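Undergrad: Listed below, chain by chain, are the residues.
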Amino acid sequence: MTDPAPPTPAGNEVLSLERVSLWLSGREILHEVSFSLHAGEVTGLIGSNGAGKTTIFRVILGLEAPSAGTMLFGGRPRPRRNRSIGYVPQHVDLDPDAPLRTRDLVGLGIDGDRLGIPLPSKHRRQLVDDMLEAVDARAFAKARIGNISGGELQRTLIAHALISKPRLLLLDEPLANLDIRSEQEIVDLLSRVAKEQQIAVLISAHEMNPLLPVMDRVVYVASGRAASGTTDQVVREDVLSALYGHHVDVLHLDGRILVVAGKDEGHHAELEKTTKAPPRGVA
Amino acid sequence: MFSGFMVNAWVVATIVAVVAGVVGFFTVLRGSAFVAHAIPQAGFAGAAGASLIGVSTFAGLGAFALVSAVAIGLLGKRGRHDAMTALWLVFMLGLGALFLSWSQEYAAAVFALLFGEVLGVSTNQVLVTAVLGAVCIAALVLLYRPLLLSSVVPTVAEAHGIRSQQMEMCFLVVVAVATTMSVPVVGALLMFSLMIGAPGAARSFTAKPLVALGLSVAISLLIVWISIAASYLTDWPVGFFVGILGAVFFIGGRAWATWRRSDVGRGDEADPRSGAGQLQEVGQLA
Amino acid sequence: MTGMAAILGGIFEAGFFTSGPVRVALLVGGVVSLVSAVVGVFTVIRGQSFAGHSLGDLGTTGGSAAYLLGVNPLWGFITSAVIGALAIEMFGNRHPRERDMATGIVLGAGLGLAALFLYLGTVQHNTSGAAVSILFGSMFVISSSMIPVFVALSLAALAVVALLYRPLLLSTVSQEIAFARGVPVRAVGMVYLLALAIAVSLSCVTIGAILSTAVLIGPAAAALRLTKRPGLAIAWAAVIGVTVTWVSTLLAYDSYYWPPAGRGWPVSFFVVTLVLIVYLLADLGSRQASRRAGARAMGGNDGRAGADGRTQPAESWVLGAE
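Chains as they are written, first to last, in the numbering used here: chain V, 1 to 283; chain P, 1001 to 1286; chain F, 2001 to 2322.
Any given hint could be a false lead.
Unchecked claim - Which bits of chain V does chain P cover? Going by a derived footprint, with three or more residues having C-beta under 8 Å, they are:
id	segment
1	84 to 90
2	97 to 110
3	114 to 127
4	141 to 148
Stated by the list, open to error - BS3-like mimics (lysine-lysine), calculated; alpha carbons at most 30 Å apart, straight line:
id	chain 1	residue 1	chain 2	residue 2
5	V	K122	P	K1208
6	V	K122	V	K142
7	V	K165	V	K122
8	P	K1208	V	K165
9	V	K165	V	K195
10	V	K263	V	K165
11	P	K1208	V	K263
These aren't lab readings, by the way, just hints derived from the structure by calculation. Since the structure is predicted, the reported quantities are computational estimates derived from the model, not experimental observations. Ideal Cβ positions, reconstructed from N, Cα and C, are used throughout, including at glycine.
Build the full structure now, drawing on both the sequences and the hints.
TA: Take a look at the structure:
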């Protein structure tokens, strides 16, 4: 396999999944999913709804135990107190009147799992201010979190996740409800964060194009199966067709990529005859 | 009003108010109005049964409240009005009615348990109330941060390692204990009014969590003190004053918040319908 | 034959069928529980059980006001229920949390008022026990002169439900579709709420304000466990509701000489207990049925399992979130 651009030199493997499978209620939800995440890299977890993206997140967060396979964090099994994984969910149901301001929520990211009431300290306030500055949230720092816009809430949640200096940052469909300009801003922000703080960032999306400019690796998920590698390695007709179990066409248009269901049965038959070795991770 | 047996009443009332303010803060945050309403109902049956067999109503109340709190926690119905929960709770009330119907003091006992009364607080009860109150407050102070996170953004809290079910269970147990302390004074049907009215009002005045918590306690104290005094002076039931004052403060808080919001400008609240453009107008809020 | 007679004699204590109050109780109780069950099915399907529960609790205020004024409690119950229904219609569309809090506050104020009215009424009329009958029902002391009123109101509520049957069902399933079909969704909802108010106030008299929920949602919830079809569910609910009420009346009558107090157990206690038992049985039965069905199909249950791993029970939409 030839890579036009070699992946970012990152020796630090933050997370690796090795043939992880998950069975729930008698159905196989994930089948031998394997991929790894490295510090300083942005990885896209691409797939349609129901493909298994959220399940993979839940497994990483320890909310579901894999039925088979192994998961290692920096070479070691999952630690109990997990301050080294930041998580930004897709949906949060907030009460508009809830007495919690943006800066309070961000502050809770520092030590939200500790007992007792935090005493106000200059150091703490400074940390929060710095983080708010970093995600450009100072303007609404004192607003109620139930009152800010979706994009602002998202930046707040990112700040909350980052303030504890995690090694891994997970974002569940962060681009789903944003307009194009906000999409750009968030993507740039996340890329900057990954590089500057040497964090492994995993972003799930059902549409990979907004992520193309910053994505170092991609994990493509369909029906609980995954293919991982660089964009050029994974987003190809042979790989994705094998993944989906039926023929798909990969169209390149002006730097963007479209994956569409194929229409030619004959073409599919031809694909069967190719002998290219599939990239790592394909079932 | 401040001598003799009333001293005990004031002490107990004060403790109850503080606990209601603190527990209520989280109750409103979690949207658990239904649970706050439901647990005392179950307690009612326990109290009725206890008084029947001559055991302390406190103990009966507490036992039933605790069991139902745990049951609700295990069944995982946080604020959901499930048919099973509703029917079970109504059954509890019916059971309480049955127990009381066997006693001599049927009507009077029902009234006191449901609507509260000031008299009849022994020194022993003061002690028990103080201890239970301290336990409740200590628990919530200890769990302040994880409970806050888990109440507002449960999925993010899970990522921190804070299990929602555990938090819910702890919270429900605290509610059960708080309820047990408060029913003899405020009444089973009106306990929740105190627990919702005070924090509901407090959050209208401030967005800072600790301040809202403090304000919730302050308002709760105000409500209870006024209610006790008024009840003593007029002989009218305590529950009446608590229910009305709870509503008054709550509505007052909302009115204040609405008035404030129509006056967009500097202040510690951004315009509710904030978009990127409007935010710039609000200016530096650092 | 004497064996049979003996058994029947044991079940139906002497004087059951000849007692005046019992006859009134059977008639009124039966009719009221019928109405409650039917209206209750819609209430549960529409996810408005909490509203129904609140209207019942609010009945305490109306009933105690009526007591203070010396008027028949039914009028008090109706007044408070109708006011409550209007309030629900006005504020009902808010976020559930806000709605729950607002309901709680209103309920608190209402119950506070009830406490005052009861106290004042007791002082004024020098009787106690009003609280008990308002809260826990007074099925055996309904005056027979009120029978026409009960029957008329019940028929009115049933008529409303019958007339609104299709538009109500449609707008419950999907407001948008109903709207598109020309159904005045808001009006239908409002009229339905009024029927609910009537049903609730009627059962406030028989079972009591804070227990009325049992006959409203109990039979309905049980019926919906047994079948998905609304028409059949209504039939089942009606049968369950009336049967439970009649059996409870019988048991309450029989309990007159039971220990420990020798003055009978409250009817409403039997009602809520039997309702709970029936619901539990129906729930158990439906779980068994779905387990057997699931075992036949592959996968273990008849829910849908998405890739996110969560399964939805097939009937959750009916008793679902409100």
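Undergrad: Determine for every hint whether it applies to the structure shown.
TA: Do the hints match the structure? See the list:
no. : hint               : verdict
1   : 84 to 90           : holds (count 5)
2   : 97 to 110          : holds (count 8)
3   : 114 to 127         : holds (count 5)
4   : 141 to 148         : holds (count 7)
5   : K122(V) - K1208(P) : 17 Å, holds
6   : K122(V) - K142(V)  : 17 Å, holds
7   : K165(V) - K122(V)  : 19 Å, holds
8   : K1208(P) - K165(V) : 25 Å, holds
9   : K165(V) - K195(V)  : 13 Å, holds
10  : K263(V) - K165(V)  : 48 Å, violated
11  : K1208(P) - K263(V) : 58 Å, violated
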